[in-house]
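Undergrad: Residue numbers (the working numbering), protein chains in the order written: chain A, 1 to 342; chain B, 1 to 342; chain C, 1 to 336; chain D, 1 to 336.
Hints were generated in silico from the structure; no laboratory data involved.
Some hints could be false.
Under the rule of at most 16 Å between Cα atoms (straight-line distance), these lysine to aspartate or glutamate pairs were calculated in the EDC-like manner [unchecked claim]: (1) C:Lys-300 - D:Glu-294; (2) A:Lys-334 - A:Asp-74; (3) D:Lys-102 - A:Asp-87; (4) B:Lys-102 - C:Asp-159.
To list a few chain C residues with every Cβ distance to chain B over 10 Å, as calculated [said to hold, decoys possible]: (5) Met-1; (6) Met-4; (7) Phe-5; (8) Asp-21; (9) Asp-30; (10) Leu-33; (11) Arg-195; (12) Pro-200; (13) Asp-204; (14) Arg-214; (15) Arg-215; (16) Val-238; (17) Ile-244; (18) Ala-267; (19) Lys-300; (20) Glu-325.
Since this is a predicted model, take the numbers as computed values, not measurements.
Here a beta-carbon is modelled for each residue, glycine too, at the ideal position from N, C-alpha and C.
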Amino acid sequence: MAPELLSLYGPMLRSRLFEEAVAKLWNDGLISGEMHLGTGEEAIIAGVVAQLGESDAMALDHRGTAALLMRGVDPVSILRELLGYPDGLCGGMGGHMHLFSKEHLAASSGIVGAEGPAAAGFALSAQYLNSGAVAVAFFGEGAMNQGMLMESLNLASTWNLPALFVCKNDGWAITSRSEKMTGGDLNERARGLGVPAVEFDGWDVLEVWEAACAAIERARSGQGPTFLHARCVHLEGHFLGMQLLRIVREPLREMPEIAIPLARSFLRPGGAALRERMAGLKEVLAAVLSSLRDPRRDSAYDPVQRARKTLLADAARLQSLEDRIEQEISRVLKAALEEARP
Amino acid sequence: MAPELLSLYGPMLRSRLFEEAVAKLWNDGLISGEMHLGTGEEAIIAGVVAQLGESDAMALDHRGTAALLMRGVDPVSILRELLGYPDGLCGGMGGHMHLFSKEHLAASSGIVGAEGPAAAGFALSAQYLNSGAVAVAFFGEGAMNQGMLMESLNLASTWNLPALFVCKNDGWAITSRSEKMTGGDLNERARGLGVPAVEFDGWDVLEVWEAACAAIERARSGQGPTFLHARCVHLEGHFLGMQLLRIVREPLREMPEIAIPLARSFLRPGGAALRERMAGLKEVLAAVLSSLRDPRRDSAYDPVQRARKTLLADAARLQSLEDRIEQEISRVLKAALEEARP
Amino acid sequence: MRTMFFTQAVDDALAQAMADDPRFILFGEDVPLLRRNLLVRFGPGRVRGTPISESAFLGAGVAAAMTGLRPVVEIYMVDFLGVCMDALLNHAAKVEAFSGGKWTAPVVVRVPCGGGYGDGGQHEQSLWGWLAHIPGLTVLVPSTPADAGGLMLAALRHDGPVVFLEHKLLSEMWLEFMGSGARRTVQFDVPAEGRKGAVPRRWDPVPIGKAVLRRTGDDVTIVSVGVGVHRALEAAQVLDTEGISAGVLDLRTVSPLDIVAVREAVARSGRLLVVDEDYEGFGLSGELSAVVLEAGISCKYARVCTKTTIPYARDREDQVLPNCERICAGIRRLMQ
Amino acid sequence: MRTMFFTQAVDDALAQAMADDPRFILFGEDVPLLRRNLLVRFGPGRVRGTPISESAFLGAGVAAAMTGLRPVVEIYMVDFLGVCMDALLNHAAKVEAFSGGKWTAPVVVRVPCGGGYGDGGQHEQSLWGWLAHIPGLTVLVPSTPADAGGLMLAALRHDGPVVFLEHKLLSEMWLEFMGSGARRTVQFDVPAEGRKGAVPRRWDPVPIGKAVLRRTGDDVTIVSVGVGVHRALEAAQVLDTEGISAGVLDLRTVSPLDIVAVREAVARSGRLLVVDEDYEGFGLSGELSAVVLEAGISCKYARVCTKTTIPYARDREDQVLPNCERICAGIRRLMQ
Ligand SMILES: Cc1ncc(C[n+]2csc(CCOP(=O)(O)OP(=O)(O)O)c2C)c(N)n1
Ligand SMILES: Cc1ncc(C[n+]2csc(CCOP(=O)(O)OP(=O)(O)O)c2C)c(N)n1
Ligand SMILES: [Mg+2]
Ligand SMILES: [Mg+2]
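Please put together the full structure from these sequences, using the hints given.
TA: Dropping the structure here:
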């Protein structure tokens, strides 16, 4: 039976606020390197992770923060890891894309598709040690074109492993529209690898919960892996500072920097005929335009806003939860920043 | 329109006799390393290769000899390559699994699945250079679990490449039954990668020809790749000297060598409970038994025998063709061996 | 003389070659957007996006190179070659040998490498020595915009597979993309001469396999590539004030090595210090010592390399990657 | 004392460990048939076949090792690691560092390597130096049955990823499988002491990172691994008749190197000859020279390695792989 919406809303909001704090620290230059937020996919993570227990394992991609938080990893230690402190989750050795918590059986990888083999291995341990546990892989739809992920679906199927392959389909792989780069249908692909597929809206946390519940039940009872295909929208685009989103958000500032060399190159002698050049230009513009048209700011696709709308029916309870979470996150932020770097 | 059966029988018989000569040389110790024959898959190769022209390219696996022969590569130079002579096809540098002929745009690889990327690249050249040419990949059903091959189907689909992916499904990958190692259905898998799939009997050369004709037509006219899925039986098993086949053929000589250590290990203290041990034993026996039951000696699955049966209707014509081919192969053998190693 | 940024120079040389010869095509993940200036000039037929399928499209690049095209294949980071090494190890590098010298695969693999901007150990490796271990691969690591453009042109004309490594710390483009993300709040230790510099009006190839002496010096020869060259120059200047005269040899090509230049310089100075951002063991630093010893040259030797997985924390990263202090300390020890 | 063949010894040590500890499991392509003697003793749960999906099952082995199992993953040949290097390069080798030392991946990758039986250049590589370049990987290359079993046991007990390389020319099993195919008509130059030898009644681990001096000698130190050790011993005997006294150091472990043993031996003899079946450049032979030079030991140095893609033709293969004559010639030059 599905839990109360509020109990799933809490972790989502908590993750959202946490990641917004991360974004701020990143923008302030306190966090280095790339930063891929999971804002927009919280419902997918929450709907699955809420059902995981002690011996269940997770293989995470470059957006692993939400899953770690929801699984119970100490938020201060995550933040201090991102800040590069020696007492961070990984002693400052891992960082954003390489977050590991042995205690929670959670491992990240910045290599697209590597979640597949990892989840298969975790599931093998569960199967062999007969723990009734499951392993979950979280990855994007772009990763479904990476051979090792496809291989892993097949391996999980032939070994009948207790694994969930959760595809968070936001339609984008950095600047590429995944539909242009993907032949056939991903559900059919999963089935062609021997893994049953279920597709659903990833912005509706209860829908996610239901789908995950059935898949976890299947896995725990020895019936093998499931491919969970969830649509979602990444509110912050691929990563922070992403040029395509900057153009959309600050066209006047960003456009000239791009447009001038583009125009110059377009006009440069030597090269293709005009038709070809126009086709190239169209491709660039299409990417910018589809970023513009992207439903990123439509709150219907924001899992946190969406759940909140329903929960407004009991505004008082909602308020008290939100207050509590906000306070927690600001405490976390303070704790992470306050103690001087050891 | 399909050609006369006799014109396809010729190349098949020629290849068969050539490979039988190779087997003899290998058994005599004149050819080193592993030796994977293509005996039993001649109809698949013939039905496709008969329709290839000058700018068409082939990506071959560890059984590339038949395709090279049928494509017109000098048989003496192939034999001298296998013998390791400096004037062999590749100067003695490549050998059985690494046969290359630039002139015929034919490249082999001993890496399972590597035919996929190779065919995609050849097809890209064809597409870009606008030659109307096609690229063909030949590989086994076991290779369909290798990530790079699956990736290549998807790439060919998204780039709409003029490629044929020809899967020669003999049901075996060395000592493993591929059905046990493969989840789902390969045709569905190909479709899930955006490539239409056609399945047919690979021992019937006319059936192969028809399927290939449609696929080649599709490719040449810019309609993209096709997955051709052909069932076949490898008459000599995985490679020459293969233990499973030796057991089947000479059980009295081979069984003791295997059975004694097996029994000893089965009885050894320490290890699994009897039930588990029995399950292990069953698995070993199943492999041996399914080798025994393998339809290898049923001539219905032998494409050469099969075509011959039909052709017997005009025995005189058949005889003269066979005589001619036999003479050619014995000339080839003589020429390859006669001139002293330079 | 024009001046250009590092990646701008590479793209400019590439554009020159593409304008001259229609066989050059370009593909990789996000290439249409990342190389949009080439896309709008040469069209979508020649500048293509790919799925996240490195094994398929790198392998396809090798095969396309065997059949008349001259592909430039982009891989996002050298670290990701792990998923598709087969295409380099067993195919690109071996076609020529396997075919008895009759067939080659003139593919250029263009790939960012290197650290110093806090992206963590799976995203900042160098791996040039690792690649150079494989016979049949040419491995280029330019350290200035002029060399970057010139070596790209040489790579494009080379009749075999070339891995062209672009250090992210030198690349205005990659550093913005993966490091700063347009933030003004972060700073990296970017070598100015590496980032931007004078380039010729029209590109000529910089010869493959030729090192260049960036600084003469009698007491010790520092040999390096990429960002390491600039760290070495910085160290040489510091040491100058201590009366130590250090020469800096920029290999530019890791494979094939300019053995003659290395031996000559070391024979003269009698001291060799290798600065290598790639991993220390079984790589470039060892190879250089072998090359010197094989010639019967006796010298004092030390190396400043990356010994472990690269830490994420910026301060520790700066200690693990070769830096000016470690180089100076190494040389002072050699001088004792 | 029992005597055993090389692979028999490895399997025997493995069986001992499996009987003692249920966490050891075994998988790879065709493993049920190839390790049938283990299958019928330990059952199909612990001895599993896999699809031809090296990336998936090697990666799975790494992850399973992180969650309580001790997997032994078999890859058919070291050459095929090209398709799945990511699992070693970016995962197995880095888990410990990334987790701040809190998590390790004790997986053993068991993989045949090496040439000398005419299987061609994509099937006879050694690549131990290539693997050793990656910090975090342990690389073992035994040269005798006793070491093979003992090192396998050490690998199984090691708390991190280990690549265990089994030279096909020493392996009775692989040589039959890939080389002779049960033919009596072919012969290979198989070192007798490597193929079969005395082994202990019960296996004890042979320590990782400890070389062993196979032969003492004053004039020159030959350092090698695997089949190279036997070639070196053969050469040492030949040289003996010429009055040259050559010692032979068998590294057994390529990474971590037994630096102390190497330095000690070379400091004494003043001459180092490396015999390495792996590729010459940017590998073991270079690393050994660096290790010696770093210690300030001056020596004469030469190497006999594989310089190019390995030819298929048996006679040319025997020239390209290190052989007795090349070693002798190298040493004679060093003695001048
Ligand atoms: C093997 C590999 N190739 C390329 C990359 C670079 N890269 C990082 S994220 C990404 C896009 C992933 O898209 P998707 O799987 O849809 O996940 P999303 O970012 O949309 O959540 C790419 C190409 C990588 N990290 N690893
Ligand atoms: C990447 C890789 N993994 C494993 C092997 C070893 N190997 C050679 S042939 C083969 C079986 C191939 O089976 P299939 O694709 O069905 O082709 P078949 O031999 O049946 O024609 C295997 C596993 C290899 N050559 N390359
Ligand atoms: Mg996506
Ligand atoms: Mg098969």
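Undergrad: Hints first: check each against the structure and report whether it holds.
TA: Here's how the hints hold up against the structure:
Taking the CA atoms of Lys-300 (chain C) and Glu-294 (chain D), the gap is near 8 Å; set against the 16 Å cutoff, the hint holds. A C-alpha spacing of about 14 Å is found between Lys-334 (chain A) and Asp-74 (chain A), which places the hinted pair at or below 16 Å, so the restraint holds. For the given pair, Lys-102 (chain D) sits about 12 Å from Asp-87 (chain A) by alpha-carbon distance, which is consistent with the 16 Å threshold. A distance of roughly 15 Å separates the Cα atoms of Lys-102 (chain B) and Asp-159 (chain C); the hinted pair therefore holds under the 16 Å criterion.
Chain B leaves Met-1 (chain C) outside its interface by the beta-carbon criterion, the shortest separation being 36 Å against a cut-off of 10 Å. Distance to chain B confirms Met-4 (chain C) as a non-interface residue, since its nearest Cβ pair spans about 29 Å, more than 10 Å. Distance to chain B confirms Phe-5 (chain C) as a non-interface residue, since its nearest Cβ pair spans about 30 Å, more than 10 Å. No Cβ of chain B approaches the Cβ of Asp-21 (chain C) within 10 Å, the least distance being about 13 Å, so the stated non-interface status holds.
For Asp-30 (chain C), the non-interface assignment is confirmed: its Cβ lies about 14 Å from the closest Cβ of chain B, beyond the 10 Å cut-off. No beta-carbon of chain B is positioned within 10 Å of the beta-carbon of Leu-33 (chain C); the least distance is around 16 Å. Residue-level check passed: Arg-195 (chain C) sits 35 Å from the nearest beta carbon of chain B, beyond 10 Å. The claim that Pro-200 (chain C) is not at the interface with chain B holds, since no C-beta of that chain comes within 10 Å of its own (minimum 30 Å).
With a least CB separation of 27 Å from chain B, Asp-204 (chain C) remains clear of the 10 Å interface cut-off, as annotated. At the 10 Å boundary, the C-beta of Arg-214 (chain C) stays outside the reach of chain B, the nearest C-beta of that chain being 39 Å off. Taking the minimum C-beta to C-beta distance to chain B, about 43 Å, the non-interface status of Arg-215 (chain C) holds against the 10 Å cut. Separation of Val-238 (chain C) from chain B is adequate, the least Cβ-Cβ distance of about 49 Å exceeding the 10 Å criterion.
Non-interface status of Ile-244 (chain C) relative to chain B is upheld: no Cβ of that chain comes within 10 Å, the nearest being about 50 Å off. With a minimum CB-CB distance of about 37 Å to chain B, Ala-267 (chain C) clears the 10 Å threshold, and the non-interface call stands. The beta carbon of Lys-300 (chain C) is kept farther than 10 Å from every beta carbon of chain B, the shortest such distance being approximately 42 Å. The claim that Glu-325 (chain C) lies off the interface holds: its Cβ sits roughly 44 Å from the closest Cβ of chain B, which is beyond the 10 Å cut-off.
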